[in-house]
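Top to bottom, those sequences are chains A and B.
Count the first sequence with the working numbering and you get residues 15 to 282, in order.
Count the second sequence with the working numbering and you get residues 19 to 302, in order.
Read the hints as simulated data drawn from the structure, not as lab findings.
Please note that a few of the clues may not be correct.
If you want the footprint, here are the derived chain A segments under chain B, 3+ residues with CB under 8 angstroms [what the hints assert, rightly or not]: (1) 101 to 112; (2) 219 to 229.
Here are the in silico distance ranges between beta carbons for each label pair [what the hints assert, rightly or not]: (3) B:Leu147 with A:Glu44: 54 to 60 angstroms; (4) A:Thr231 with B:Val49: 30 to 36 angstroms; (5) A:Ala191 with B:Ile298: 54 to 60 angstroms; (6) A:Pro82 with B:Ile298: 21 to 27 angstroms; (7) A:Arg89 with B:Met176: 31 to 37 angstroms; (8) B:Arg301 with A:Ser164: 32 to 38 angstroms; (9) B:Met176 with A:Gly88: 40 to 46 angstroms; (10) B:Arg143 with A:Ser54: 25 to 31 angstroms; (11) B:Arg143 with A:Phe132: 18 to 24 angstroms; (12) B:Leu128 with A:Glu240: 51 to 57 angstroms; (13) A:Gly80 with B:Leu294: 56 to 62 angstroms.
Here are a few chain B residues that sit away from chain A, every Cβ distance over 10 angstroms (derived from the structure) [what the hints assert, rightly or not]: (14) Phe61; (15) Pro145; (16) Glu210; (17) Glu213; (18) Gly257; (19) Gly271; (20) Val287.
On a predicted model such as this, the values are computed, not experimentally measured, just so you know.
Note that the Cβ used here is the ideal one computed from N, Cα and C, for glycine as well.
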Amino acid sequence: MKPILKFEQVSKNYPNGVHALKGVSFEVQEGEFISIIGPSGSGKSTLLRAINRLIPISGGTVWLDGQPVSAQRGRKLRELRCKAGMIFQNYNLVYSLSVLQNVLHGRLGYMWGVKGVFGMYSEEDKQEALDLLEELGLSQFAYNRASDLSGGQKQRVGIARAIMQKPRLLLCDEPIASLDPSSAKTIMDLLHSMTQKRNIACIVNLHQLDVAVRYSTRIIGLSKGEIVFDGAPEDLDDSAIERIYGTSRENLMMGGNADDKEDTAHCA
Amino acid sequence: MNMNSDENIVMLNPQRKLIRDAQKTKGRIPVKCRQRNRFIPCFLAGVVVLSVLSLFYLEIDWGKMVSRVPDIGEVFWELAHLDFANMDLILSSLVETISIAVLSLLYSLLLGIVFGMLAARNIFRVPFLSFLTQSFFTFLRAVPTPVWVLLMLVCLGMGPEAGVAGLCVHTTAFFTKSFAQSFESIPDETVEALEVTGAGRLSIFFNAVLPAALSQIVAWAGMRLETNFSECAILGMVGAGGIGYVISNSLQGYDYGTAGTAILLVFFVAYCIERLFVRIKKRF
């Protein structure tokens with residue numbers, strides 16, 4: 015099977031001398047649900063943003079759906095970007111517009127000329143957006159301003175916008191970092207079910223180890239710009255955690271255990 | 019956890035030692051930043067020197083000025099005797115002034131959005147383009163409005179056309195700068211979120227940046243309509259039509275009553291415009 019995404023010896027050096035990625039290589043197959051874990055500054059965000067060229071890389075090649083991302087410019091790049099949807103920690107919606115308009119933004123990449131500029135969406139697109147909102151339980155808010163929603167609801171709009179794009183790959187940059195534990199679970203459940211149903215590969219940056227173990231089919235551990243763990247969640251043992259975070263399990267804030275009184279702390 | 023708290027104490031120690039040293043030497047704990055801003059005292063000193071110099075240069079005759087102070091009261095007393103005889107002339111020129119202000123605002127709004135888009139650094143991401151647009155309009159803005167109107171009077175002849183054109187130049191330059199700032203204040207992440215959908219630059223601008231900046235644009239437009247209206251009143255005096263022409267004409271003919279009525283109406287309309295936009299702004 016052809017991989018959807020392939021990293022080949024990708025490196026990224028920032029002008030201030032930081033080496034965010036050092037020779038990172040991995041492949042992503044259809045339908046995989048991958049969590050990327052690692053301490054702050056280990057290159058998780060850089061890795062995600064290298065995929066759709068929000069950050070240009072300094073060495074190596076990123077292959078998205080068989081095409082090299084780093085070589086593309088202009089229209090070709092925009093066509094390639096359509097294939098990778100993205101959701102963000104801070105949702106990044108246009109808060110002065112309606113929820114429906116925000117969802118329809120996912121279609122802008124497929125619209126050319128005047129239609130795209132003035133947001134003249136087709137009736138099929140509008141119907142599809144409404145159906146998606148229904149599926150996410152937001153249909154009663156379709157015509158509210160996006161600023162009126164709660165954090166969890168805003169993130170669901172973010173998911174709808176990304177799914178509207180009909181992507182092959184969904185990139186999630188710390189999607190639950192600003193949410194309360196209950197909304198966080200809703201969002202992770204939705205991400206999981208919606209990507210499985212549509213056979214979309216999903217890459218999630220996470221700070222919560224227990225969430226990563228519970229949802230993913232595969233975990234990639236980053237430390238100082240290098241992959242130090244790549245395997246199934248069952249194989250993530252104490253020594254692997256120590257390699258990723260540079261400290262033993264006891265020094266980490268862990269949630270998810272039944273006897274753990276700090277169960278909610280993993281969302282801090 | 020134990021190890022961490024040990025580290026904390028070690029980390030905090032130098033800071034505490036510094037404060038203790040300061041207590042020993044001066045007996046007082048310093049509260050201000052170590053690097054003080056020296057710009058403000060220098061600036062104030064410069065202002066004092068400049069005002070003293072200009073006072074000498076202008077050679078103001080203070081005696082004469084004080085002796086004429088009672089005249090101010092007299093003139094205002096004359097102006098207060100409102101004369102409604104020329105009401106039709108005053109009203110028609112007032113409407114003309116308002117039309118000039120509104121028209122120039124409308125044209126400048128459209129031009130300002132287009133040029134603001136070019137001048138904002140986060141829309142097309144071409145630094146040279148924004149630099150070029152910004153500097154061109156800085157030049158236009160540096161020349162005061164009456165000068166532009168006088169130039170347009172020469173080009174287009176006497177009348178309201180010159181007023182509209184002259185006002186447009188300055189207002190567009192003003193809008194370009196302020197709109198570009200509003201566009202740049204949209205969080206980069208929002209632009210990023212639309213970039214990853216594969217949308218083009220123009221689509222991103224019209225679908226995300228412009229709607230998000232709309233309330234600021236309304237605020238700027240309201241402020242500018244007010245300014246344009248009062249500018250318009252002055253511009254009439256240089257021959258661009260409108261109520262300014264009536265005011266300057268009647269003042270020169272010592273017809274204080276008519277001038278007083280016209281001035282009062284200008285105040286009233288300017289106040290109404292301000293109130294109106296406060297209300298509109300609240301709705302956004």
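Verification of the hints:
no. : hint                                       : in the structure
1   : 101 to 112                                 : holds (count 8)
2   : 219 to 229                                 : violated (count 0)
3   : B:Leu147 with A:Glu44: 54 to 60 angstroms  : 41 angstroms, violated
4   : A:Thr231 with B:Val49: 30 to 36 angstroms  : 56 angstroms, violated
5   : A:Ala191 with B:Ile298: 54 to 60 angstroms : 38 angstroms, violated
6   : A:Pro82 with B:Ile298: 21 to 27 angstroms  : 51 angstroms, violated
7   : A:Arg89 with B:Met176: 31 to 37 angstroms  : 52 angstroms, violated
8   : B:Arg301 with A:Ser164: 32 to 38 angstroms : 24 angstroms, violated
9   : B:Met176 with A:Gly88: 40 to 46 angstroms  : 51 angstroms, violated
10  : B:Arg143 with A:Ser54: 25 to 31 angstroms  : 27 angstroms, holds
11  : B:Arg143 with A:Phe132: 18 to 24 angstroms : 22 angstroms, holds
12  : B:Leu128 with A:Glu240: 51 to 57 angstroms : 53 angstroms, holds
13  : A:Gly80 with B:Leu294: 56 to 62 angstroms  : 59 angstroms, holds
14  : Phe61                                      : 33 angstroms, holds
15  : Pro145                                     : 15 angstroms, holds
16  : Glu210                                     : 6 angstroms, violated
17  : Glu213                                     : 7 angstroms, violated
18  : Gly257                                     : 42 angstroms, holds
19  : Gly271                                     : 53 angstroms, holds
20  : Val287                                     : 31 angstroms, holds
When held up to the earlier numbered hints, the structure conflicts with 2, 3, 4, 5, 6, 7, 8, 9, 16 and 17 and fits the remainder.
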